[in-house]
Amino acid sequence: MSPDERRAGVSLAAIFALRMLGLFLMLPVLAEYAKTIPGGGNLTLVGFALGAYGLTPAAGKAFAGLKRAIEKAGLRLYVVSSYRSHAAQQALYASKLASMGRANTQKYVAVPGTSEHQTGLAVDLRSPGGRGTSFDNSREWRWLRAHAQNYGFVLRYPDGLTKVTGIGFEPWHWRYVGVEQAKAIRALGANMTIEQYLRLA
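Under the working numbering, the first residue of the sequence shown is numbered 1, with each subsequent residue one higher.
FYI, nobody ran anything at the bench for these hints, they're computed from the structure. Be a bit skeptical, because a hint or two may be false.
[To be verified] The calculated DSSO-like cross-link candidates involving lysine-lysine, where the alpha carbons are at most 27 Å apart (straight line), are:
#1 Lys183 x Lys72
#2 Lys183 x Lys61
#3 Lys163 x Lys96
#4 Lys107 x Lys96
#5 Lys163 x Lys107
#6 Lys163 x Lys183
#7 Lys72 x Lys61
#8 Lys183 x Lys67
In this text the structure is predicted, and so the values were computed from the model without any measurement.
Could you put together the complete structure from these sequences and hints?
Encoded structure:
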C-alpha cells in the first residue's frame with residue numbers, strides 16, 4: 001500500500017480487491033492485443049499500447065463503433081478523459097484534495113494505483129446536453145443506458161451503490177469489459193455493478 005493509500009484510510013484488502021478486479025477484467029483485452037505482437041501470444045506484456053480515444057486497442061475500437069452508432073441516432077458524445085498515467089492520477093488526486101477536501105475527494109476520485117483510468121479501459125464522457133453530474137439528464141446518457149452494453153461498455157458507478165463500489169455516482173464514467181460480459185452485467189439489472197457481478201460485494 002502506498003503512502004497516499006494509507007493517508008486516504010483505504011484498507012489493504014480493499015486495494016487488493018480493486019487491483020485484482022481491474023486485472024481480471026483486463027486480461028481478455030491484453031490477451032487479444034498480445035496476439036498481434038510477434039512472440040506475444042503467451043501474454044508476456046508488462047504494459048500496453050493505447051489505441052483510439054486514449055483507450056486500449058480493443059476498447060478504442062469498441063468505443064469508435066459506439067460513437068458511430070450514437071451519431072447515427074442524431075446525438076453527440078465527447079471524451080473528457082480516458083487513459084491517465086500514475087503521475088497524472090496522483091496530480092489529479094492532490095488537486096482535488098486541495099479543492100474539495102478529503103471526504104469528497106475519496107468519494108469521487110480513485111486513489112492513485114486503483115483508478116480504472118490507469119488501465120486504458122475507462123472513459124469519461126459528456127454531451128452537448130450535459131456533463132459531470134448533469135450528464136444523466138441528457139439524451140446521450142439515456143441512449144448509453146439502453147445500448148452501451150452492445151459495444152462492451154457498462155456504467156461503472158451507478159447511483160446509490162457507493163457502499164458497493166467505493167465511489168459515488170458518476171454518470172460520466174463508463175468501463176469497457178467486452179460485449180459478452182457487458183451484456184451479462186446489464187441483463188442482471190440497469191444498476192448492476194461489476195463487484196456484484198463478480199460476487200465481490
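Hint by hint, here is what the structure shows:
1. Between the alpha carbons of Lys183 and Lys72 the distance comes to roughly 22 Å, so the proposed pair stays at or under 27 Å and holds.
2. The straight-line distance between the Cα atoms of Lys183 and Lys61 is roughly 17 Å, inside the 27 Å bound, and the hint therefore holds.
3. Straight-line distance between C-alpha atoms of Lys163 and Lys96 comes to about 21 Å, which keeps the hinted pair within the 27 Å bound.
4. Note on Lys107 and Lys96: the hinted pairing holds, with a Cα-Cα distance of about 11 Å set against a maximum of 27 Å.
5. With a CA separation close to 10 Å, the supplied pair Lys163 and Lys107 stays within the 27 Å bound.
6. A C-alpha spacing of about 23 Å is found between Lys163 and Lys183, which places the hinted pair at or below 27 Å, so the restraint holds.
7. In summary, the hint linking Lys72 to Lys61 is supported, as the alpha carbons are separated by about 17 Å, within the 27 Å threshold.
8. The straight-line distance between the Cα atoms of Lys183 and Lys67 is roughly 18 Å, inside the 27 Å bound, and the hint therefore holds.
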